[in-house]
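So the chains spell out like this:
Protein chains: 2
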Amino acid sequence: MEEELELSEKIEQLTETIEQLIDTKNVKELRHLFEVVPEIDLAEACAEFKDVKKIVFILKTVKSEFTAEFFTDLPPEIKEEIIAYLSDDQLAEILESQFTDDIVDDLEELPANIVTRVLRNVPKEKRANINRLLNYADATAGSIMTTEFVALLDDMTCDDAIKEIRKTGKNKETIYTVFVMDRKRTLVGTVDLDDLIFADGDAKLSDIMNKDFQTVNVNDDQEEVANIVKRYDLNAVAVLNNDGRLVGIVTVDDVMDVIEEEQTEDISKLQMVTPLEDSYLETSSFQMVKKCVPWIVVLLILGTFSSFVLSTFETKLNQMVLLAAFIPVIMDTGGNAGGQTIALMIRGLALQEFTPRDFFKIIRKEAVSAAIIALCIAAFGFIWFTLEQYAGIVGSDTSIWLGNCWNAEFAAETFKTSGLVAGTLGIAIFLSKMVAVLLPMGAAAIKKDPAIVSQPLLTTIVDVSSLLIYFGFAALLFNL
Amino acid sequence: MEEELELSEKIEQLTETIEQLIDTKNVKELRHLFEVVPEIDLAEACAEFKDVKKIVFILKTVKSEFTAEFFTDLPPEIKEEIIAYLSDDQLAEILESQFTDDIVDDLEELPANIVTRVLRNVPKEKRANINRLLNYADATAGSIMTTEFVALLDDMTCDDAIKEIRKTGKNKETIYTVFVMDRKRTLVGTVDLDDLIFADGDAKLSDIMNKDFQTVNVNDDQEEVANIVKRYDLNAVAVLNNDGRLVGIVTVDDVMDVIEEEQTEDISKLQMVTPLEDSYLETSSFQMVKKCVPWIVVLLILGTFSSFVLSTFETKLNQMVLLAAFIPVIMDTGGNAGGQTIALMIRGLALQEFTPRDFFKIIRKEAVSAAIIALCIAAFGFIWFTLEQYAGIVGSDTSIWLGNCWNAEFAAETFKTSGLVAGTLGIAIFLSKMVAVLLPMGAAAIKKDPAIVSQPLLTTIVDVSSLLIYFGFAALLFNL
Chain A
1 MEEELELSEK IEQLTETIEQ LIDTKNVKEL RHLFEVVPEI DLAEACAEFK
51 DVKKIVFILK TVKSEFTAEF FTDLPPEIKE EIIAYLSDDQ LAEILESQFT
101 DDIVDDLEEL PANIVTRVLR NVPKEKRANI NRLLNYADAT AGSIMTTEFV
151 ALLDDMTCDD AIKEIRKTGK NKETIYTVFV MDRKRTLVGT VDLDDLIFAD
201 GDAKLSDIMN KDFQTVNVND DQEEVANIVK RYDLNAVAVL NNDGRLVGIV
251 TVDDVMDVIE EEQTEDISKL QMVTPLEDSY LETSSFQMVK KCVPWIVVLL
301 ILGTFSSFVL STFETKLNQM VLLAAFIPVI MDTGGNAGGQ TIALMIRGLA
351 LQEFTPRDFF KIIRKEAVSA AIIALCIAAF GFIWFTLEQY AGIVGSDTSI
401 WLGNCWNAEF AAETFKTSGL VAGTLGIAIF LSKMVAVLLP MGAAAIKKDP
451 AIVSQPLLTT IVDVSSLLIY FGFAALLFNL
Chain B
1 MEEELELSEK IEQLTETIEQ LIDTKNVKEL RHLFEVVPEI DLAEACAEFK
51 DVKKIVFILK TVKSEFTAEF FTDLPPEIKE EIIAYLSDDQ LAEILESQFT
101 DDIVDDLEEL PANIVTRVLR NVPKEKRANI NRLLNYADAT AGSIMTTEFV
151 ALLDDMTCDD AIKEIRKTGK NKETIYTVFV MDRKRTLVGT VDLDDLIFAD
201 GDAKLSDIMN KDFQTVNVND DQEEVANIVK RYDLNAVAVL NNDGRLVGIV
251 TVDDVMDVIE EEQTEDISKL QMVTPLEDSY LETSSFQMVK KCVPWIVVLL
301 ILGTFSSFVL STFETKLNQM VLLAAFIPVI MDTGGNAGGQ TIALMIRGLA
351 LQEFTPRDFF KIIRKEAVSA AIIALCIAAF GFIWFTLEQY AGIVGSDTSI
401 WLGNCWNAEF AAETFKTSGL VAGTLGIAIF LSKMVAVLLP MGAAAIKKDP
451 AIVSQPLLTT IVDVSSLLIY FGFAALLFNL
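Top to bottom, those sequences are chains A and B. The numbering used here puts the first residue of the first sequence at 1, with every later residue one more than the last. The numbering used here puts the first residue of the second sequence at 1, with every later residue one more than the last.
Just to be clear, a hint being listed does not mean it is correct.
The list treats identical chains as one, so a pair stands whether inside a single copy or across any two.
Pairs of lysine-lysine residues, derived as DSBU-like cross-links and limited to a Cα-Cα distance of at most 35 Å, are as follows [said to hold, decoys possible]:
(1) Lys316 x Lys124
(2) Lys170 x Lys53
(3) Lys79 x Lys211
(4) Lys167 x Lys126
(5) Lys290 x Lys211
(6) Lys204 x Lys25
(7) Lys204 x Lys416
(8) Lys163 x Lys204
(9) Lys54 x Lys25
(10) Lys416 x Lys316
(11) Lys448 x Lys10
To be clear, the hints were calculated from the coordinates, so they are not data collected in a lab. All figures in this text were calculated on a predicted structure; none of them were measured in a lab.
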């Protein structure tokens, strides 16, 4: 937490410093600053400027090698404003220094007229790649890959490879993984830069390359790409098109963004809110309403079932209003118990600890622990609910605190009520945990997103069923 | 999903292949396999063996340079069994090839007698480091760092640096980031390997090093370390002790594990289940019960408040049982609305989109959107609840379906009830969203974990307050 505070303070001070340097036209100091401060900090500091012309001034005065990443890190709405102030030549120069995948990310967020201008001014050799990348579906390997990678022939010696990397590697997204092709331009291996450094200079790349390299297809889901990079501790993974040709790479830093994005999606779905596209502070209240309201309405409509069940048992409830007092605790506990299982399922599937093929193993395992948990809670509940009644917290008119004596009839009634509530609770817990396994595992089995079963949806399902069980048993036990 | 299925099939086949090679004592083919298949796949495949002696056979026949990572990737309980079968010499040889941080990770999971044996057989130069690492508190930078890094003097030339790296770098966790010290052994910069490759051979490290390098303290929380590595796209970050000396590094692949661990923790806390230490399938039913039951019990006890409130209003409920029908929908909707906000808060804080310093900005923002959302839902609810009553889904005895005609008195009662429920709903939503902001932001402000406010806890808080509001208004409106 300390670091965070420091960070936001650091950015604030940086904003002031840069503004001062620009106002006093202290170009020398400004250039120095861009050499020694991390680009992301500079970008966040400048994003606070009231006047974007100041950023335009920076882009015009500081060398593009120091502003390339700085520009990439600026928020899209500021980029949009800046581009309006730039001549075509200046825009072309900035785009020249950008990586293809970063330009593509921008194009997806900028308005159409700006997109046209950017595409017109992008260097020719990049334009084809950009157009191709733009065509890949969102959240696929193709949409997050970059086309700037080092590819060398397999009969090259290590010394020559290092020379070649020195010559051409500067504009590549990474040189830590070199992709090795045969004469037919087919990917046959990868060489990590450290292996290249340690290798004998005369050795051929084919001698030292990893032949067990991993690849993904352009259409693979980005989550799959992330799983592979994580599992094999890769610096970059090769992306092949449908013909098996190497068309791009995804690097580990892009994968970290994917992991975060997917995690946000999981938590959002779990709580049934549409994930925000922008950061929280950048999202308007109106957008927030749009992300939240539809789901609450859906759940409210589903909640009608609960109301219907309760209403159906209205006469029974009328005969024994004490039953109402335990409705919240039954509903909540069932939902809470299932919620725990949902958390375990979502993480297990996300971390690939198990797959839908383990369906029966998981069901068995969860059934055993759910049964034990249900029994424990029911036993505890029985004691607790008895105490509640005994102490007069519920059913106060029969309580000892009001001077009633403990007698056999009262005891029998109390135990019967506690038994009813505890029994329902146990069944609700077991049921809830089973639904919490079945739905996500079933979804994963038919290749749907396992996050389909959100906590609120589960709560609604469990509410209706536990109310039915509750009143069903109540009718039997108390002859209502 | 396809990849996942393929992966588990691949592992299954690999298990068979390796077992066959061992059974037929085909050492040559076995050694080849260990050169061309990723270690993590081999480890997972061998973990399926019924007889761990087969793994011992592998460790004795395949060269340790190919089994080092393989051994690291084996599950701890299998390591424990294997170590029992190894002589001290064999154990020492395996430990020789392991990274210090991996040995430490193992030691934290192994039983005491095995720990003693491991420490006795670990190479002397590693023992001091291991003992130091073991002393760092869990989840700090010190506990996840490794001590195998490349540190060079700042007046070294780039050519000499590369020579030195070639000589000593093989046993280091990474050579992609070189840490640069001055004569006083103080860290003064870092050099990325690619910059070293591109640099003029005669240039000094001090000329090309990044002076804006990031560092963390050994006692910093691992989440903070992860945030820095992510933010600045680092390959490795320097860990300093309290005297400012470089004592270790944390690499990007360790950071990915931290990110996953923290995410699991966030989702688990959100759903109020103690995070599992092992993977789901490896966790016994008994452990599962231990992780789940305490929280359900806590929530059940807290649920007593709801029961108490309902019981207090028992006589009012008796006068108008119709009120009970809407209790589930009010309770659920309040909880659901707040749950959405919790998801946004937890992700925002985790991704450092905002900090506790933005407290008032966030509160204002959330208050505006919560108010709009509450109004929207209340308006929708009013219409929906009226329809429910009109259609006889609730309060069936007064419904049109039972032949009752629509008359002024019935209409007035219906609208009054709908108004009561919708109004309570609106207030509950607003309240719930406010609590969902205040608790995590407050926790973050006093440097506690913002995940303190779980969905179930929020539900319980909202339940009690909305029931109070509901019956309070009901008493006023219907003179109960």
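Structure-based check of all given hints:
no. : hint            : verdict
1   : Lys316 x Lys124 : neither (77 Å within a copy, 77 Å between copies)
2   : Lys170 x Lys53  : within (30 Å within a copy, 50 Å between copies)
3   : Lys79 x Lys211  : between (42 Å within a copy, 28 Å between copies)
4   : Lys167 x Lys126 : within (19 Å within a copy, 40 Å between copies)
5   : Lys290 x Lys211 : neither (50 Å within a copy, 45 Å between copies)
6   : Lys204 x Lys25  : between (54 Å within a copy, 32 Å between copies)
7   : Lys204 x Lys416 : neither (82 Å within a copy, 85 Å between copies)
8   : Lys163 x Lys204 : both (14 Å within a copy, 20 Å between copies)
9   : Lys54 x Lys25   : within (11 Å within a copy, 72 Å between copies)
10  : Lys416 x Lys316 : both (16 Å within a copy, 24 Å between copies)
11  : Lys448 x Lys10  : between (44 Å within a copy, 22 Å between copies)
Of the numbered hints listed earlier, those contradicted by the structure are 1, 5, 7.
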